[in-house]
Amino acid sequence: MSHSRVSLRIRRPWRFAAEATALIVAAVVAFPLYWMVLSAFKPEGEIQSTEPRPWTTAPSLDSFRRVFQQEDFGRYFLNSLFVAGVVVVASALIAFLAATAVARFTFRFRTTLLIMFLVAQMVPIEALTIPMFFLMRDLGESVPGVGLNTLGSLILPHIAFSLPFAIWMLRGFVKAVPEALEEAAYLDGASRSRFLWQILFPLVFPGLVATSVFSFISAWNDFLFAKSFIISATENSTLPMALLVFFKAEGNDWGGIMAASTVMTIPVLIFFVLVQRRLVSGLGGAVKD
Amino acid sequence: MSAGTAQHARRAPAKGSRSRPGPAVPAGRRSGKGPRRGTWTPWLYLAPALVVLGGLLVYPIYQLGLISFLEYTQAQVSGGEPTTFQGFANYAELFGDGEFWNVVVATLLFAAVCVVSTLAVGCALAVLLTRVRAVPRLALMLAALGAWATPAITGSTVWVFLFDPDFGPVNKVLVWLGLSGFENYSWTYDRYSAFALVLFEVVWCSFPFVMVTVYAGIRAIPTEVLEAAALDGASTWRIWRTIMAPMLRPILVVVTIQSIIWDFKVFTQIYVMTDGGGIARQNMVLNVYAYQKAFASSQYSLGSAIGVVMLLILLAVTLVYLRLLRRQGEEL
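Protein chains in written order, with the numbering used here: chain L, 5 to 293; chain Y, 2 to 333.
These are computed hints drawn from the structure, not numbers from a lab. Honestly, I wouldn't trust all of these hints.
[Said to hold, decoys possible] Just so you have them, the derived chain L footprint on chain Y, three or more residues with Cβ under 8 Å:
1. 53-60
2. 102-110
3. 125-133
4. 152-161
5. 188-198
6. 238-250
7. 286-293
[Claimed, not checked] Derived EDC-like pairs (lysine to aspartate or glutamate); straight-line CA-CA distance at most 20 Å:
8. K252(L) - E48(L)
9. K173(Y) - D191(Y)
10. K252(L) - D276(Y)
11. K252(L) - D142(L)
12. K231(L) - D165(Y)
13. K231(L) - D276(Y)
14. K252(L) - E184(Y)
15. K252(L) - E23(L)
16. K231(L) - D76(L)
17. K173(Y) - E184(Y)
18. K173(Y) - D66(L)
19. K231(L) - D66(L)
Ideal Cβ positions, reconstructed from N, Cα and C, are used throughout, including at glycine.
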């Protein structure tokens, strides 16, 4: 690796100092997650102890039991998964088509559109909660399934908010597919849609995966819309709401909070670990393009 | 920057990625040229995106602006009273309110501290990553990915718990270090320590993006160039100033602007960690303020006016960003 050649030049004591620092920082950064999982497994008495210890001698599943026995918790989990899944698939497909259009065609207003996509990324999603609330209310009157209190009201805004970034990021991946390939496909008699779905789509797929991390996270983590749009139909609540139940005026149930947090964090961690290499390469592409 | 380095940078971190272009093909260069039949095809591809964005982004922005000029409270929402046009009355009310200006100042300062801390930590660790061997690098990368992946809401709950006055380990450690003032110290009670607590969480969850991106950028600098400079006797400082800094500039611009945008919009952390804006609303930022105005006290028009102010500030940041990109000669 060319990289190690550079670091060889660094004198040995300095490298050991750097490596010690890196390990200490890694431990500090990982500590909150460790503490979360640890506290989730601690028995009640140890959590509410004024002498917190960084280990436990009697791991227990009581906190998890309280979380899962909470009415409808499984349902909240599935709701969150469903919302995030639909957002990921829909925004990936829509963004793929749009990215192809801006990366492989020249047409009027192309640059304007690109700038609009860039500007759209900056729009604070939270500032639009108010008009979005009324939009969903009005939509619900004509189209059942997307109004307030439905999962559709969580899916639609997140598709819209993840699109601009997804298009911007995918553009780099689409551009990286050699033009010659497209010409060869047409020469061989492939139709435009055949090229699009059977040649370009598989080639861009790693980029789609990297992009989907961001839409997955924004949908999975959503707290504001879930809080504002799901008012009375609690059967359509998502995980963040199930977590907040454990915050109580008379004293927070920290065991429950940490167990619910663990349950909510693990799917994202798995997703991240699965796609992390593509994520880094995708960022390289998005940043440079 | 030249197309050559851009190519290099895109390829460097993408080891094993199947989308990797062949080295001889100047990808991206020729896109947009060549035979293109049917000018409606790109619009066909764009149609779904434009419909979604038009309906769920552009239209709500228009609505936001509209509501900010109307009298819009619970009475209008339930249809009890007709909506009336107010002109700039909502804005006048907002700008005449001392609390609004306090919140604006708090938001700007808080975002500035968050951005500077995130960038400093992220860049320092990115440089550190280039100085260590594989095992410590992997450990730091994994820990950072974990922090990055943690949802804002669970990150917030965990950090609140870590700093809990009764059961949290942080205060115990501080007391053990001899800072006896932290015995049962409540971090959310004081305004500045509450902001500091949120700051820690924000830095923790947003430095990984900076670190990973800057690290990828440093790795993308051709080693031959650095070695040649070192052989010619250039000092570390000189190498940094004349080679690395100019090559990293585009990446630094991106991470800075992204951090500004994210940190200016912090909502979940403040809402969860300070319980909706802190004791006596001492930890309000614009986002939470707008939300509370609209959904807690049903002053939807005031909330919308705050939203418009936020949009305008972020639009200004975006324009600066676009100018910087243009100056770098980025091809759109």
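Do the hints match the structure? See the list:
1. 53-60: holds (count 6)
2. 102-110: n = 0 at 8 Å, threshold three: violated.
3. 125-133: holds (count 6)
4. 152-161: It holds: at least three residues are needed, and the region 152-161 of chain Y offers 8 whose Cβ sits within less than 8 Å of chain L.
5. 188-198: violated (count 0)
6. 238-250: n = 0 at 8 Å, threshold three: violated.
7. 286-293: It holds, with 3 qualifying residues against the three required.
8. K252(L) - E48(L): 16 Å, holds
9. K173(Y) - D191(Y): Roughly 19 Å separates the two Cα atoms, so the pair holds.
10. K252(L) - D276(Y): 12 Å, holds
11. K252(L) - D142(L): Not OK: K252(L) and D142(L) at ~34 Å, beyond 20 Å, violated.
12. K231(L) - D165(Y): The given pair, whose Cα atoms are some 25 Å apart, is violated under the 20 Å limit.
13. K231(L) - D276(Y): 14 Å, holds
14. K252(L) - E184(Y): Distance of about 24 Å is beyond 20 Å: violated.
15. K252(L) - E23(L): 43 Å, violated
16. K231(L) - D76(L): Given that 20 Å is the threshold and the Cα spacing comes to 17 Å, the pair holds.
17. K173(Y) - E184(Y): With a Cα-Cα distance of about 7 Å, the restraint between K173(Y) and E184(Y) holds, given a limit of 20 Å.
18. K173(Y) - D66(L): 26 Å, violated
19. K231(L) - D66(L): Violated: K231(L) and D66(L) sit about 27 Å apart, past 20 Å.
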